[in-house]
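If you read the sequences in order, they're chains C and H.
1 is the number of the first residue of the first sequence in the working numbering; add one for each residue after it.
1 is the number of the first residue of the second sequence in the working numbering; add one for each residue after it.
These are computed hints drawn from the structure, not numbers from a lab.
C-beta atoms are modelled at their ideal positions from N, C-alpha and C, and glycine is treated no differently.
Among the clues, some could well be false.
What the hints assert, rightly or not - Residues of chain C placed beyond 10 Å of chain H at every Cβ, according to the derived structure:
| no. | residue |
| --- | --- |
| 1 | Glu15 |
| 2 | Glu20 |
| 3 | Asn24 |
| 4 | Gly28 |
| 5 | Gln82 |
| 6 | Asn94 |
What the hints assert, rightly or not - Cβ-to-Cβ under 8 Å is the rule here; a few derived chain H residues that face chain C:
| no. | residue |
| --- | --- |
| 7 | Gln41 |
| 8 | Tyr48 |
| 9 | Gly51 |
| 10 | Asn52 |
| 11 | Pro55 |
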Amino acid sequence: AQSVSQHNHHVILSEAASLELGCNYSYGGTVNLFWYVQYPGQHLQLLLKYFSGDPLVKGIKGFEAEFIKSKFSFNLRKPSVQWSDTAEYFCAVNAYSSASKIIFGSGTRLSIRP
Amino acid sequence: GAGVSQSPSNKVTEKGKDVELRCDPISGHTALYWYRQSLGQGLEFLIYFQGNSAPDKSGLPSDRFSAERTGGSVSTLTIQRTQQEDSAVYLCASSSTALAGETQYFGPGTRLLVL
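Given these sequences and hints, build the entire structure.
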């Protein structure tokens with residue numbers, strides 16, 4: 001069975017700091033990987049996803065993530081965060097064998113100090 | 001419609017009562033998913049429907065939970081004999097197909113409180 005671990009439950013940064021949120025998954029086969037974001041009071045929405053090809057994926061609002069297959073990781077990064085990045089971030093995995101079923105991690109709450 | 005809609009947005013019920021939560025997916029989307037988000041927890045997969053195939057019910061926590069999708073569109077999640085631990089936000093999502101890697105589009109959720 002697939003599972004996703006997000007080790008940081010709550011991250012607090014100042015504006016302009018660099019961000020890296022960890023995500024590790026467990027599944028031996030081919031996967032698709034996602035980061036979803038939930039801004040305060042808004043719906044959960046897709047930030048970026050790895051489907052195939054270049055393991056460095058760029059998403060909206062300057063976010064990127066790198067798929068490292070050997071480490072079963074898909075960490076999210078942003079070089080300089082803004083106050084508006086305050087949100088909850090969820091990593092998720094979809095195994096090719098599971099059609100479109102996604103398993104989510106427990107989420108990381110990001111708080112940005114203005 | 002523009003996006004996934006869910007109703008009611010909030011539901012307060014007494015322990016032991018049954019509740020029905022509704023999800024209206026994006027028009028034309030063949031796949032529909034239900035998740036539960038408890039305080040401090042991630043999104044817990046409950047069930048998903050893909051077209052006319054049998055649903056994947058592997059995430060339903062007990063036989064008090066059931067869901068149906070009528071006419072390939074609207075879905076209803078039913079919780080019978082609610083318990084306090086059922087209190088959570090129930091999220092619905094849909095995707096255009098059930099192929100691996102599809103982006104899921106989420107609704108605003110139904111916040112359920114069981115007293």
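Chain C contact restraint on H/Gly51 - CB to CB distance below 8 Å: 10 Å, violated
Please confirm whether C/Glu20 is truly not at the interface, meaning its C-beta sits more than 10 Å away from all C-beta atoms of chain H. Non-interface label stands for C/Glu20: nearest chain H Cβ at 19 Å, farther than 10 Å.
Distance rule for C/Asn94, whose beta carbon must clear each one in chain H by more than 10 Å: Not fine: 6 Å to the nearest Cβ puts C/Asn94 too close to chain H.
Beyond 10 Å from every chain H Cβ - status for C/Gln82: Given that every Cβ of chain H is farther than 10 Å from that of C/Gln82, nearest at about 23 Å, it holds.
Once the shortest beta carbon distance from H/Tyr48 to chain C is found, is it less than 8 Å? 6 Å, holds
Beyond 10 Å from every chain H Cβ - status for C/Glu15: 26 Å, holds
Cβ separation check - C/Gly28 to all of chain H, threshold 10 Å: About 15 Å separates C/Gly28 from the closest Cβ of chain H, which puts it past 10 Å; holds.
May I ask you to test the interface hint for H/Asn52 with respect to chain C, counting a Cβ-Cβ separation under 8 Å as satisfied? 14 Å, violated
How about H/Pro55: closest beta carbon in chain C under 8 Å, or not? Nearest chain C Cβ about 11 Å off; hint violated.
Are H/Gln41 and chain C close enough, Cβ to Cβ, to be under 8 Å, as the hint says? 6 Å, holds
Going by Cβ atoms, does C/Asn24 stay more than 10 Å from chain H at every point? 14 Å, holds
This entry does not satisfy hints 6, 9, 10, 11, going by the numbered hints stated previously.
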